[in-house]
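Protein sequences, first through last, are from chains A and B.
Numbered according to my numbering, the first sequence spans residues 796 to 1071.
Numbered according to my numbering, the second sequence spans residues -12 to 222.
Since the hints were derived computationally from the structure, they do not count as laboratory data.
For clarity, every value in this text was computed on a predicted model and none was experimentally measured.
Idealized CB from N, CA, C, for every residue including glycine.
Just to be clear, a hint being listed does not mean it is correct.
What the hints assert, rightly or not - Chain B regions said to be covered by chain A (calculated; three or more residues, Cβ under 8 Å): (1) -10 to -2; (2) 15 to 26; (3) 36 to 48; (4) 106 to 115; (5) 138 to 152.
Here are the chains, one letter per residue:
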Amino acid sequence: MINEIIEMFQNDFMIRALIGGILVSLCASLLGVSLVLKRYSMIGDGLSHVGFGALAVASAIGSAAPLQIAIPVVVAAAFFLLRLSENSKVKGDAAIALISTGALAIGITAASVTGLNTDINSYLFGSIIAMDSTDLIFCSVLSFIIIVLFVFFYNKIFAVTFDENFAKATGTKAGIYNMIIALLTALTIVVGMKMMGSMLISSLIIFPAVISMRLCSRFKTVIITSAIVSVLCFIIGLIVSYYYSAPTGASIVIVNLIVLVLAVIISRFRIRKGKI
Amino acid sequence: MEELIKCERLAFSYENADVIKDLSFTVCEGDYLCIVGENGSGKSTLTKGLLGLKAPDSGTITFGEGLKRNEIGYLPQQTPAQKDFPASVFEVVLSGRLNSRGLRPFYSKNDKMTAHDNIRKLGIEDLMRRSYRDLSGGQQQRVLLARALCAGRKLIFLDEPVTGLDPIVTEEMYRLIEELNKKDKITVVMVSHDIVSAVKYATHILHLNYEKSFFGTAEEYIKSPLGQYFFSDAV
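Make the full structure from the sequences, and use the hints.
Right, dumping it as structure tokens:
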């Protein structure tokens, strides 16, 4: 077993997938806690569909760097969705569903009209060989920026996540930090989309956060646990995906799902024993 | 007494309908002002105005020499999302120090000491390591009050602080606020539904009413037509 794993990572593409994936998992798990707590999980899901649409259209028109084209589109969508969710008068969740399915339809149509059918599967559900060396550099730089910004703004993100009204009333510009969270989420989604697949990238944001919130009771430990769970699930999922030639994104989601079930059982057990 | 907040001829409207018109009042250092009024009388609108979240249509809100906007502590109404939020009591209280940090990213030793002091002041030391989501409603309010004190030492703004608390905890909360006002000389501005307690504890009352609002001391309020009207019902 060990030998097989060592052998597995003698492939260059596996090393790239491993490094890139760990970075993306880290970013996604850090942001995920804030998004889930702010009830913004669906924004992540909506953005990934928009990302797919942008990526498919960019490839269809023959762009050399579809990822880079997708970034501004997804960032713009992130700000738009944030605005919708903040404004309670518009039905925010309905609007997100409209935008997701709309973007998906445009992407699928663009891809099939230009005959990209072979790639569709990997765009949607992720592929282990998706990450080439340019992608890896791009992904490393972006992840680095995301992690530094997150650490730098950690206390502000906590305050805005816990109580936006208080933060605003006492003079913190909550709107800016919401936009930072949305921007970082958009970047993470674009970067992770190729490997995880656009249907499944949002799971990387949501699963580790939900798992760690079940297990931990302090914000800092929730964040740290979320990061650890996310990276471990990614590594296991990647190995499983290689072993069974399964779509990478789907394998990682299944590993996360198993861990979530375990976490739910553990937390139930703890509540019954009376030490919450 | 130094004037901390002075409001002159304020008017607020909401979706083109006037909510508050021609409202003037002042809050001086050491005051305990209760803002009361029926639903829809503009309490939340005025709250937003005082906190700088909504600009008045006309009139002015002036802060006194000794009060900066980031020196106001605020106890907001709880949101549903907060009830199951995984954060320790200490993390929540410490976040009250954020407004004095500016762009500096991390809390100093001094910030942590202030958080500890306020936790002690409100008698919640034994909860410090507990998770906010596991606390009772009254304990959560104390935590948020400690956070408010971290944000502002001079003036705290409390938005219906006893909503959802049982009578005993409500009374404790009122005592605590009274103590902060009398002992620690913290100016209190409270929005409340509870007129009886407002008159009992507050030094000043602002009764919002579209036709004619009342502003004056608690004693004057009881004798005023608006106060009489309510007290003939309440007592």
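With a cut-off of 8 Å between beta carbons, are at least three residues of the stretch 15 to 26 of chain B near chain A?
violated (count 0)
For the stretch 138 to 152 of chain B, do at least 3 residues have a Cβ located nearer than 8 Å to some Cβ of chain A?
Coverage by chain A holds here, the residue count being 3 at a Cβ distance below 8 Å.
Against chain A, does the stretch -10 to -2 of chain B show at least 3 residues with beta-carbon separation below 8 Å?
violated (count 0)
Verdict on chain A covering the stretch 106 to 115 of chain B, criterion of 3 CB contacts below 8 Å:
violated (count 0)
For the stretch 36 to 48 of chain B, do at least 3 residues have a Cβ located nearer than 8 Å to some Cβ of chain A?
holds (count 3)
Comparing the model with each earlier hint shows violations of hints 1, 2, 4; every other hint is respected.
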